[in-house]
Each structure stands twice: as C-alpha cells, then as structure tokens.
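A.B. asks: Here is how the chains run, residue by residue.
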Amino acid sequence: MIAEEVSKISGENPFACFQCGDCTGSCPVSFAMDYGPRRMIHLIQLNLEEEVLKANTHWLCASCYNCTYRCPRNISFTRISYALRNISVKRGIYPNKTTKIFYEIFLDHMLKYGRFNEGIFVREFVAKGGKGLKELLRDINLGLKLWKKGKIPKDVDKIDKLDQIKKIYEACVKEEKEDKQ
Amino acid sequence: MIGVLICECNGAITLDLKSIADSLRREVGDVEVKIKNAVCIDGFEEFKDYEKLVIAACSPQWHERTFKNFAKKHGIKNIYIVNIREHIAYVHKDGAKKAKAQIKAMISKARAGENGLKKEKPKELKSVLIVGSGIAGLTAALELEKLGFKCYIVEKEGEIGGILKDVPIVYPFNKSGEEIIREIKSKLKNTEIITNAEVFSVSGSVGNFDISVMRKIEDLVEVKSIKAGAVVLATGIEEFKPHDMVEYGYGTYKNVITQLELAKMLKEGKVDADTIVMQLCVGSRDEKFFSYCSKRCCIYSIDHAIMLKEMGKDVYIVYMDIRTTWKSEEELFRKARELGVKFIRGKIVDILEENGKLSLTLEDTLEQKVKTLNADMVVLSSALKARETNTILAQLFDVETDSYGFFKKFYPKIRVVETRRRGIYLAGAASEPKSVKEAILEAKAVAKKIATELKASFERARASVNEDMCIGCEICYKLCPHRAITMYSAGETSKAKVSEESCKACGTCVANCPTGAVQLPGFSTKEMLAYIEEIMKADIEPKIATFVCYECAYAALDAAGMSRERYPENYLIIPVPCLGRVGLLDVFKAFESGASGVLLVGCLENGCHYGRGNKNAEMIVELTKAILEGIGLEKDRIDIIKVVNADYKKFVEKANGFIEKIKELPKLEVKV
Amino acid sequence: MILIIGGGIAGMQSAIEVTSYGLEAAIVEKSPYLGGNANFLHKYFPSMPLDCSVCITSCIDMPGIRKCFYRSSIFSLENLKIYTNSEIKEIKKENGKFKVVIEKLPRYVREDRCVNCELCKDACPVEVEDNLLGKRKAIYSYPQPIPPVYTIDMQACNKCGKCKEVCRTDAIDLEQKPEKIELEAEAIIIATGFEEFKPHDMVEYGYGTYKNVITQLELAKMLKQDNFKAEKVLMIQCVGSRDKRFFAYCSKICCMFAIKHAIMLKEKYPDIEIYIAYMDIRTPGFYEYWYRKARELGIKFLRSRPGDIVENNGKLEVYFENTLEKKVDKLEVDYVVLSTALIPNENVKRLAEMLGLELDEYGFILSEDGRTNVPNVFVAGLASSVKDVPETVLEAVASTVEVIK
Amino acid sequence: MKVGYYPGCSLKGMEDAYSISLISSFKVLGIELVEIEDWNCCGASVIPSYDYKFANALAARNLALAEEQNLRTIIAPCSECYNRLAYINYKMKNDAGYMEKMNKILSEAGLEYRGTVEVKHAVDFLVNDFGIDKIKEKVKNPINKKIASYYGCLFVRPREISVESAENPKTMDSLVEALGGTPVDYDGKTKCCGASLVVSNEKVGLQTIKNVLDSIKETEAEIIVTSCPLCHANLDTQQLTIEKEFKVNYMLPVMYFTQLLGLALGLSEREVALNKNLTYEVLKV
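Protein chains in written order, with this note's numbering: chain Y, 1 to 181; chain D, 1 to 672; chain G, 1 to 405; chain H, 1 to 285.
So that you can see chain Y by itself, here it is in the shape it has in the complex:
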C-alpha cells in the first residue's frame, strides 16, 4: 500500500489527515500542481497509487514547510513529498529528463566527492543533455555575467574519508533490501 510505504520512509501518517485543506491553501506552488497537497493525501488514503505517482505535486513541492507549519493534525506534507519522490525514483519515474540528470549527477557527486561539485556539475549537466539549446544560449548569456563577477562554478575539494560515505550508502541500500524481504 502506498500509504504504508510513504509512512515508512517519512515517518508521517497520511491517514491522520481529516481533509481541512489548510495545506493546499498555504502552498505557494499549488497553483501549478495537478492536485493540491490535501487531495494528494486523500488519494494516498484511498490507495490510488497510479494517480499519486503520475501527479506532478510532489515534484513541484519546494519544501517550504508551510503546510507542515499549519497542519492541525501535525502531518508534514513536505516529508510526504520527499517520500513520494523516493518511491517514484525507485520505480524510475521522473517528471522530466532534466530532473533525472540533475539527480543522478548529484548522487554521483555525493559518492565520488562527498560534496556537490558545481564546476564539474555544469560540464556534466550540459554534456548529458540536461539543457536544451535555447535555455543553454540564455544560460550562457547569464553565465557570462556571472563570470564577469567572478562567480564561476568552482571545483570543490573531495572529502578525505570518502569510504565512510560509501559505507553509509551501502548500509542504507542493504537495509532497504532487507525491508523488502
């Protein structure tokens, strides 16, 4: 059940929601969402997995925690949306190609450098086709300005104990597998 999966990952109980709509009203991006947070939780309660994962709601969540702050039942939709993204990613569902590339590079950097490396990121992002030609041109324009300011994507140092990060990652992946069984 999707609700159980969500609550396992996020520690939130979507069933506790009584549908007041405070979250949707407070959400700064609900205007662009397929379903507002309230309806999203409702769909989760009804176990409509397909519709839930198809929606753009959790991808649009800017994690501003407005909903969390207001919720009379102490539920955090922000964390629920992280959980939904986790679930989607595991099933290979991304809202668009850009996000997919962005995520993959980020994770790669985590494991390779232990930090996010802007310089390498920009190169890889463009190389993998994370940006279309039009955006690229505009970005180059912006990039030039930034460059003039000395705001250049820089390469960040690797951390020393990279093996610790790897081991933590492996432990998480292992636990995940055990949970499934």
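These are computed hints drawn from the structure, not numbers from a lab.
Each hint should be verified, as a subset may be incorrect.
[As the list claims (entries may be wrong)] Computed list of lysine-lysine pairs in DSBU-like fashion (alpha-carbon distance at most 30 Å, straight line):
(1) D/Lys667 <-> D/Lys654
(2) Y/Lys90 <-> Y/Lys145
(3) D/Lys187 <-> G/Lys97
(4) D/Lys227 <-> G/Lys97
(5) G/Lys224 <-> D/Lys650
Note that this is a predicted model, so its numbers are computed, not measured.
Mind docking chains D, G and H on chain Y? Use the hints.
C.D. replies: Coordinates of chains D, G and H only, in the frame set by chain Y:
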C-alpha cells in the same frame, strides 16, 4: 469453630464433593463441614450464630448479597465465599484437588482474620461549597437547596454568571445568558454567593470539609472559613485567545475577532460590517493547541450567523465538519442553510488587511480551488479551554486534571460527576466543554449524588495504621489512590493516618508498607500470608499463584467459566480487592511456599477501579523480575495480564500459554 | 414506591439511584432479562481502552467503585423488585398516586427456585437460532443474566419434560400462566430506550434483500458472537437520519458507534479494509480522540452519501460521489454496514396514551431535564432523545433528583 | 569566541561571497569560525528526494564529526543545510528509537552520535547568542537605508527547529536596525522563493520568485538582505531573468546579511565581496 458449607448447585458443581468434605474434616481441625443443595434458595440456618462461615459455591458476583442477607438473618458475623463453580468445576476437567486447596486456604484466612466491618459515622453537615457561579454552579445550588442543603458559591470574578453572561441568545432557551442567570439567582434562598473570592486552603474529608476562602473587598482581604459536607467544582470554561495563530492576525487586525467578542457586539445590537466570515475549529481539533473538539462552537456560530443574516448581513461559515447533533441543533443548521448562510468546507490559511478590508485565502475542498474571499470582519470560533485556575484548585482539593487542565472524571462512562476523591464533585464544563443543557443535567446529577452520599452510612472495612509501628516513610501516603492517607507530625518523625471516609479499601497501602503498620481487615498481612501458605500446599504441580483483582479480572474469570472455556487447574486463585494489594511480600511468600510461577490478573490500562492499582502492580512485577534475576532465578516466573469481562478469551489464552513457559523452567527448590 | 418502566441502562441506573437513597422501587421490563440494548453491544466507548458493555453501573456496597450490572447484584436488593417478561397493562391516577396493572408473562421457570445451574440447558434437545446468542436451546439464559434464572422459549419448546427431570430444585413449571400484578407507585420513570431504524424503505441500499447489507446493531451482535469475517467493509452514516424523508434529526451517536466498530475490527484484523462514508463526522468534545485514532489506524473516510448498492457475484458494488474528489466512483465490498437512525421504542406510544404524555413528531417523549408534562412522571435515557451512555446515566441520575424531592 | 562552522557546498562554490563576508565580518566581531573537518554535503533537497534515509544519515555524519571534534555549537549559514542538520539533530535527540536506527547506519562507517551538538543558524547565533548590543557597539558606518529582510522558508519552518515564529519573524530586522537601517514590513518575508524549482521546473520557479520580489517592491525598500545562498541566488541572479521574462523592472539590490554587517562594521566592499552580487550595479545607480 468455623463452619464450612459446600453447595451442590443442583449437581452443576461436578466435583466429588463428598470426598472433599471428608478430607476437610480429616485434615482440618475445628471445622463443621456440610454439603447442601441450592444454598442461594434455602439459606443456611444450620450454622446459626456461627462466628465465621466459609461457603463454597458459585461466584460471589451472583449471590454474595443473597448470602449476606441470609447471614444477617441467621446471626452469622462473617462469611467467606469460595468460587468452586465458575473458577473450578466449569473450567477444569478434574478440579477436586484445587477445590480442596481453595477451601482450605479460605479456612486458614478465616481463622487468621477478625471482624473488620465498621459502620461509618453519620454525616451531619448539610452544607455544600460550590466553586464557580456559572450555569452549572447556580443550578447545583438551586437543586441542593430544594433537597435541604445550605450552599456557598465562591466566585473569582466580581460578577456571577461565568462565560454565559455574555451570550446574547442561549441555545436552546431563546433567552439571553444574563436573563437565565438572573432567573436562577432569584430562586436561590439559602445560598450565600461570595464574589471576588478564591479558595485558598482545604482540609478534612467527605462530610466534614474545612475550607478557607479569601475575599477581596477593594484593597482589603477578608478570610472566611466554611464548613461543608461536599464540594462541587463548577469552574466552567473560557475562550482561547488565538494570538499565537498569527496567520489570522488576531490582535493585530481590529476586525478579526472571536465568537465571544461577536456575542458582546450582538448583545449591544451593533455589528459594523456587511460581509462576515466565520472560521470554525480555531485552536480546537488542532494538535498544536487543543486536540479535542470544543463541541459548542458549531452551534453558537450558527446561532450568531442566523442573527447576522436576519440583520441583513452576508455570512460565510468556513468549516471542516458541522457538528450539530440531535434534533433542534440539526434544525438550526438547516435553517441557516435555508436562510442563505454560505458554508465553505475548508480552512482559512491567511488573512491580510488592506484599507480596512480583509482578504482571506483558503482552499474550498469541495470545489478543489484555492480561493480568495473578501470580508469586513472575520470571526474566529476559538477553542473553549479549561480555566487556568483549575490546576491550583486541583492541588488544593487533591483531585486530578488532564493534560488540557480539565478536571478528570472518575470514570468517563458512568461516573462523570465524581472525582477520585469522595465528596468532591464536578459539574458543567469543568471536566469537558459542554452545552448548557448538559451542564444543567450534570448539576442536577451532582445534587442527587451529594444527597445520597451525605445520607449514606456504609458498613465496611477500612485500613488503619498502628501508630507504634509506623516509621513515617510516606510510601502509603504517596501511593494511596484516593488520598485517604495524611501525614501528621508526632515528635521527631511523622506518622500516617487513614481518613475513614476517604478510604475505599483497595489495600495498596497494606501491600507496600515496609513495617506492616497499616492493615486492612479481610486483607491484612496475616490473613493473606495464611491464605497463600495454605493454598500452596495443594497437590498440583507446577503451582501458579494467581492474584486476581476482585473487579474486572474476577469477572473475566467468571465469564470464562460461564462459557466453559478450559484452562489448566494449576492456577491457584488468590483473590485481592485490587491488584494494588499485591506486594513483594505476597509474591515472594508464594514462591517460598512452593509456587513455580506468579500471575497477576487485573483491570485494563486506565481501567483500574481504584485509580492506579494495576500500575502499582506493574511496579511490583518489575521489582520482582529484578530481584529474581538478582538471586539467579528466571525473571519469566512472574507476569501480569489486564482483562475485562468481554475479553475473557485473552485470559484463557494467556493461562494456556503461561503454563507452558513455567513448565519449561526448572522446579523451584526452596530450602527451609 | 417508584415505578421504572424499562430495564436498560437508564432504567437500571435510575433504580440504583432511587434505592440507594432508601426508597422502594420496581423495574418492569418486557424482555426476560435486564440490560436492554446493552446486552447486544460488545464494548462501549468512551472509556479508554474500550471496556465491556456490562460494566456499566456501580456497586452499592462500596462508595466510589464501579462494577458491572450483574456484579452489583441488583436482583438481590431488598428494596427493589424486578418484573421481567412483564408489560404495563394499565395505569390510572388515583389520589395523586399511580395504580398500575402489569402482566407478567410466564417464563415457565420459577424465579425463586432456579439456581442458574445450567443442567436443564444441557438436557434440552431443541436447538434454535437466536439473534443475540447464535445457536441456543429452547431453555436458555444470557451470559450474565439478571435475574440469574433460565427462561423457556415456548415457541420452540416441545414440552418433552427433560429439563424438569434434571432440575433438583423443582424450578420448571411448564404450566405457568400469565400473572396480573397490581402496584401503587408515587412516581414513574420511563426508560424505554431506543430501537434501530430498519431501512427496508430505502430501496437503494437493498437492506433486507442483500444478505450482506446489515445495520450497526447487527454488526455489534456479530462482533459479540465473534463470527464476522470480511476483507472489505463499507459503513454508511446517516441512513435515515438527517433525512427529511425519514428522520430529520441527527442520531448523534452513530458516528462514534461506527468508529468504535471500525477500530475494533481494525485492531482485530489489521488487514481488513474499512471505509466510512460520511457527510460530517460528529465526534464532539473528547470523542475527537477516537476519530483521530480511527484515521491513524488507516480507516478510510469517504465524504459522500452512496447512491446505490448492487449485488454482483456475492460482492456488493457501491456507487457514490466522492465529494472531495468531485468524482463518481464505484467500490466493491463484502459487507455494507448501515448506521441507521435511532428511533424510540414502539411501546412509548401506548404509554403516552395511558399517561397523557406529549410526544414529538417522531415519538420521542417531550421533556425538560428529565421532567415530562405530567407531574411525577419522569423520563431517563433514549426515550426522550438520542444520547450516549454517559449522558443516559447522567439523565437517569438527574431525573431521580426530582423523584427524591 | 570560537564556534563550530558548517559551510556547506554552496558557500564553497558559486556563493563564496557569503562565506567570505561571513568570515571577515565575524572576525571583526571577534568570533572565530572553526570549520568541521572533513564535513560532507548535507544532501540538500536532492538526496532526500532520492533516498530519504541516506540523506538523513549524511546529515547525521556531520553531527557525529562535530561531536568527535568537540564542537558544542555549530552554525550553518545556509538555510537548507541548517534545516537538514537541525532537523536530524532534533529528531535524534527526541526519538530514542530513531537515534538507535541512525547510529546503526553510522556504525558501519565507524561513527556514532550521542546528541551533544547544537545546530544554529548563523543569524540566530549572531543576534540571540552573540547579542545585538555588542554588535551595535562596533558599528562604524551606519547604513541609513530602507532594508527588506527576506527570511525565506527554512529559517522559520518547520516548527520543531524554527528560529522564531513563522508568521512575523523579527531576528533579521533587529539586526538591520542595529546596523542603522530601517527595516520594512511586508507580507512576503517568509514566502517561498521556490528553492531549486528554477532548475527542475523553471516556469513555476520563476513565478514564485516573482511573487516574492513583487511584495518587496511594494515596500519601496532600497536593499534586500538574505540569509541563505539559495534565496540569494534566486532573488539576485534570477532577478535579471525575471525582469526579462516578465518585462518588469525591479532594480532591487540584494546582499547577504553578512555583507551588510561587514559594511556597517567598516569593512570595504571588496572585503565582503559585494561586487559578486549581480545586482551590485543597481546599488551604484
């Protein structure tokens, strides 16, 4: 000589009663044993004028009173009932050995005990102190007056009437709060109302409370002492001021007000706005503030909405669930809808003020749209919360409050106006938000309860303290669930004293007294130890000492019997009034006398009839486990289970499982 | 002497309140045992955790300790008479007192001789279906009967006399005749309780047609007998209540009733799927705790009022609009439980005629804080309006305050 | 005065203006920042989206390192980092079961966290721990301008770890006042800037940024101060894009609170890397 009477129950008790009787005669001296059919019909005249009679029959739940009535008639001072039907014949294949042991143990107990029944002193005071002068307090006074009581009402404020006095129209009376209060007050004849006053000290117990009240008259303080037989806490409720919910801008925007503030405007007949939006559940049903529902906001919001609508205003009500229960409330809800009050299902997220106009954002959950509403005024149906003075009063009167500051009812189903302390009662919203109707009903119920309480004089056992043995350790004082024990100073140390009126005879003090100074007739240390020692002589292995509380647990075992469930006869039953009566001494006496395991059977969590006997028992179980481990024994030898009558199957399951565990453990060898 | 009509929770509580004040009282109950609807309900709110239905009133011996009905042994109270299996035949007012004639129907077991030993039950060869007990013999009693005596169901009995043979106290009297008893009462408390509305007329739900469409009270009985098995259950709130065609009032306790059952089922069978279709959830005051708990346990709440139920291959197809989704939807379930309106007992009308009581349009007795329009006639419990247990008990206590004056 | 310091990736990358100004201005105040050795990325909002547990463990590693290095208080200047670290810190301290679970994962890397570290936002530390009065004493060049403090989301939410009330925060305003500025009041103080939506969904992202800028524009503020590199990048860098896309004209110079602080304390524009802001020129106009 102790009499022993075994009932045949028409043959339903399928044990070899004759051989049980024979062996009792043989093994126990100084007893007169008789077998008889249908004791509950015919009585036991043959034992006339016996000091003590042990009756082995069905569960005392059925015929304890019948037998007591017979005993009174036949001049028998004490009867002891052994349940050989529901607890033995109905549940075991071969229960003769257990039956014999249970009867013998009861004889030993009877022999060790003495008559502990004492009649209470009649209560003479016919006066009652009421804290709070809202509708509940006033009605209670009125009803009590009619029953011949003198009442004192202590009111903190300068005016009487509580929260009600500001309400323009009280549902369902169609009168203003002021009017209602005035009407009741005019009927009071034998009641002294003390305004601007607060209780500051309390002593005594039911039938005879001594209460000091401090009264402010301008800059002076006057102390008044009042004697009362009982106390009613009717402190009512107050409205939560939602300053902390900044999204509504209460306190910042002048046109964002609460329902009670609107009520005052309506009372004056002046509401300076055309479009009014009401938000329900402000602070209520909200985990961050008050997770309960305030119960009354729906109805008075709708009331106000109708009044506003009739003044020609445009009214919106923003709600999540409309809770207008029963007939007239539901009618009012329909009327509001029909009048054109607009109901929006959602919750206001944000209020902004611009040029005196308010603009609100919310999701209309039925339309699935985030909307902006414009209004001249926003009315917040703010939560109703407990009075802040409740906690102080609770300390003074030694009663409990819950996490919200409401007074705790003794038991939410049937003892809603009583507290854990005898003689102290609750009326109205002091224990939960309530309607005026309910408050009146409670006030009346309180009057009845007080009338009965102050009239009654029970004949019953009570704990008492042997002053010479008391070392002033305060354990009993701290554990007593009814606050019946007080400490007084006696020279260098302090000593405990039991209030006879407040003691409910649960035995918690006896079980935990380190010196045996406090005793409860019927369940004194001597009696219990004699019982345990004797019952552990049963010819059954392994033996499990089963402490059964006389409330839900005993009833659950009875229910198991009535349903003819089966469990092993290894469970030797030691009845106690409450699990609180089980102490370390009793548990280890059982082990020492040959028990391989100990099982405690008690009432549910929060369901202890005496308040917290089962919690004390849990503590004893933990301690026992630690000690067992410490002396190199298995800690699994002791366990506790909490059941009710309806869940008797749980006990049967437990009984069938626990024995297997015990059997796996090595036999306990106790060297003498 | 105070006459109490009806031996349910309200009646018993009233009896205890009256007698504990030292007055004489009599309960007249039409069924063979006291307890009323409480007999059918397995567990009760609002105690946390839920405890049993029989554990409702207090022991009279000891102040401040509650005990079950049967444990308080109210049948052996010296100043209380209990007439079960009895009906009110006539009430006349004379010299400010009520002359009451009751007819005690035969139970074919002498109450003063029966010791509740159950031997007769084992001997009886006739087995019949009972809506509370499941299978039972023609001679039967309740699990914790008050009074603790047996009863013969004469419609089932074949008069074989086997029970008579085994009874050593000679309690069986197959030739017992109805008995007329005359009483004189100073006041009357009416505590006739409620019935559940049986929605045969609401054709859309197919109650009475489809076997698996049941009411909450029927579910309660099944839970008590422990024979309810289902994977998917839908509960429908406000069936007949808040409905101008039937009963316009809100039945007040059905939300809690349904939530309680849902929680009990969910706790017993964690895999069960339970839906509750509602318009407004009404769990006022501290009852909100149960609503939250139900939600947290994963019970699904649909804001809707289902339109149609169709049986299809043993499954029930329910058509409804999910108003929070603005979508018409279909749900397939094993059971549909209807939370139907609670309505007054049919006997109230007869009593009202005899006493001159005013009733409202639905047949509830009009009252104010327990007083009716007739002096010295009081009402307690659900005869005047729908209430939960605490309120019923409260009213029973409150109405006796008038009596003892 | 020494305090632990968790810079985070942004401050080491494009938004180094923040770290430069932070270090230089804190130095003037006599606060020495001790960087956690071998810190790793907090996971930002990406890793939690990818694997929530891993992200939490990453945050926990930083806490464990800080504990190992005897840093009792650490400050995080980036709101996103602050949110990640402070929340995990809160959760581990308040939920024994969770503490155990996390430590099980950390133990794989030979680490352990016992819950002795306190995580603070840089502004919170400066105003509430260091103290406004001490700052006031050191102000050399009072900045006599109307200044809009933009708090953003993670400074005030979620409730468990919020620096102060989300509805009307005052911390940054009090700092602005101490530096001689006039704080302006507006609705958008804690409105969301859309965070990384500009990357993943540009259209929506730009719209949310615009909402914030619009509400500031109304106040006639002369400067916006920020306390988070992501907010800063959105308001500063994207301001130009928005002006183009939506054909509007804001002309709102944006700077970090540390840059404002540095200037007031008498540092040069260069020392606080002011020229790195894209809206730097606007300031000159």
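A.B. asks: CA of D/Lys227 to CA of G/Lys97, is that 30 Å or under?
C.D. replies: violated, 39 Å
A.B. asks: Below or equal to 30 Å on CA atoms is what counts here, so check D/Lys667 against D/Lys654.
C.D. replies: holds, 21 Å
A.B. asks: Would the pair G/Lys224 and D/Lys650 pass a check requiring their Cα atoms to be no farther apart than 30 Å?
C.D. replies: Given pair G/Lys224, D/Lys650 holds - Cα atoms ~14 Å apart, limit 30 Å.
A.B. asks: Are the Cα positions of D/Lys187 and G/Lys97 separated by 30 Å at most?
C.D. replies: holds, 28 Å
A.B. asks: For the pair supplied as a hint, Y/Lys90 and Y/Lys145, confirm whether the alpha-carbon distance does not exceed 30 Å.
C.D. replies: violated, 38 Å
In the structure shown, a violation is registered for the earlier hints numbered 2, 4, in ascending order.
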